[in-house]
Amino acid sequence: MSDDYAGKVSDLHSRRKKNLAMGGDERIAKQHQRGKLTVRERLDLLIDADSFVELGLLAEQQPVRGTEVLSDGAPADGVVTGHGLVDGRQVWVIAYDFTVMAGSMGAVGEQFKAARVRDFALRYRKPIVWLLDSAGARIQEASGSTFAGTGFLFYDQVVMSGVIPQVAAMLGPCAAGTAYIPGLADFVPMVKETSSMSLGGARLVKAATGEDVTDHDMGGSQIHCYESGVGDNEVPDDAACIAEVRRFLSYLPSSNTEKPPFMESSDPADRMVEGLDRIVPTNPRSAYDVKRVIKAEFDQDSWFEVKPTWAKNIVVGFARAGGHVVGVVANQPMVKGGILDSDSADKAARFIRMCDAFNVPLVYLMDVPGFMVGSQVEKEGIIRHGAKMLYATSEATVPKITVIMRKAYGAGYYVMGGKGYQPDVLVAWPFAEISVMGPEGAVNIIFNKQIEASSNPEETRAQMLQAIRAQINPYVAAGWAMIDDVIDPAETRKVIVRGLEQAGEKRTDRPWRKHGNMPV
Amino acid sequence: MTEVKAELVGNVWKITAKPGDQVAEDDVLMILESMKMEIPVTAPRAGKVSEIRVKETEVVKEGQVLVVLE
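Residue numbers (the working numbering), protein chains in the order written: chain E, 2 to 521; chain L, 14 to 83.
Just so you know, the hints here were simulated from the structure itself, not pulled from any lab data.
It cannot be assumed that every hint is accurate.
Stated by the list, open to error - If you want a taste of the chain E side facing chain L, the calculated C-beta under 8 Å gives, among others:
{"id": "1", "residue": "V70"}
{"id": "2", "residue": "P370"}
{"id": "3", "residue": "G371"}
{"id": "4", "residue": "M373"}
{"id": "5", "residue": "Q377"}
{"id": "6", "residue": "K380"}
{"id": "7", "residue": "E441"}
{"id": "8", "residue": "G442"}
{"id": "9", "residue": "A443"}
Glycine residues also receive a C-beta, built at the ideal position from the N, C-alpha and C atoms.
Excised from the complex, chain E in its bound form:
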């Protein structure tokens, strides 16, 4: 045995120690001052205790084409990579360390470390999580036409899309091309104030266009979680962000070849839903908060809303019914009357496709006055946007359960899982109104002449309205067996759970195609 054995082992330990210390005490203190956790504190929160296996701890910045490297070697090259357990299930992680060269993406970190994690996540079919806090590409290593050899990252993300869940947690800046990481991810929580994303950082924007704007003003959560819809859920701090990531993953299978995790619930599957009469007015014109309906119907405390602050006229998120994970798509009469417009159609379409990709059954809670009409929305391309939701609902082959609570008007009825879209269960509440359009609109079109010719147009109009109302109640559709049943709203939970069990082994065969041409 070599007498140098102990020395060599102790050298290894000191190398490990140096790199585990990240960018040093001063930069760590600065990170904390900004209200941010260090990359290793974040990983402690994300990964189950003692389960993290790090790859590439000993990596350091390398002199790419003669660039001068940092004297401390840039510990781990500014990115911590590896795998660990989240609620006992394997997850792969790429976590940028802002205390090392501002978390910039260097040649070693990106082309060797992160690339290896992407490869493994796909190879083992396990979710991948990015903890983003990075100044972007390390320009000194990336400039020159060897840029031609980069970009695999996004290609990989597209290949992974719909195969394994991808989460991009926004815990700091994420500028330039790297903003496409969240752009392609399935779930993007954003920390208020400290996180931002933009295709060009503030300095680049100034140089390129002259616009004076900060990273935060341009791409903070107040923009992306409220206006652009690129971010999903705004959270107050790093710990809340990581908790949100864990929660999101708890609803999804590790890959598209598995079913989402079943979680035993103490909430009885056949519980009658109490209190809906105090939430939902039978007058179809009146508003109410559909989230109260959702919370009442699904397993207690199981509701996890996605994109709660953007396109609020539709509500989407995960819940459990009798322990089964479902994706809920619900119209929100509280906001814009629950009308569908461009953003809400986009939001729903993206969520429906995520659920379908990962075998999460869909529950549509319908109360929709239709799609918005008028010159404003035509300019926005509402036909193109609405078509995405039509497409997503048609394409989804997971079990689909549709509950018509009140209004089911026009194309709104179609995109919310109407008869033509092959729902596995299609039921209506007693005060549902199913119609090509709202009765008030219909009366003016159908009975225009009668109303004009009448000596008392208002009275005639009211009579005709009555006649139309009588035709759009759910018993007409039930009489034709176009809907499966009219149910007491209190029975909704039971109907949903039974529907999920009924459709558990669902198979749908479609003609072969490379892929459809989804409107975008």
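Following the hints, put chain L in place on chain E, whose structure we already have.
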């Protein structure tokens, strides 16, 4: 000062607040009618109503200022 704007095109169906009213967050200020739905316009924060910029039955555009809170 906070301007409360119309979320979508519609007509002013019923105004429930008046200048000088002290309102809490989420209090209903007026109800618009659009696409045959009654759409409540609520206070984004607590405050005093300083101005109502529209009248009942008036048609409003998306983004038009309806109410000003002090």
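Taking the numbered hints from earlier one at a time, note which ones the structure violates and give those numbers from smallest to largest.
1, 6, 9
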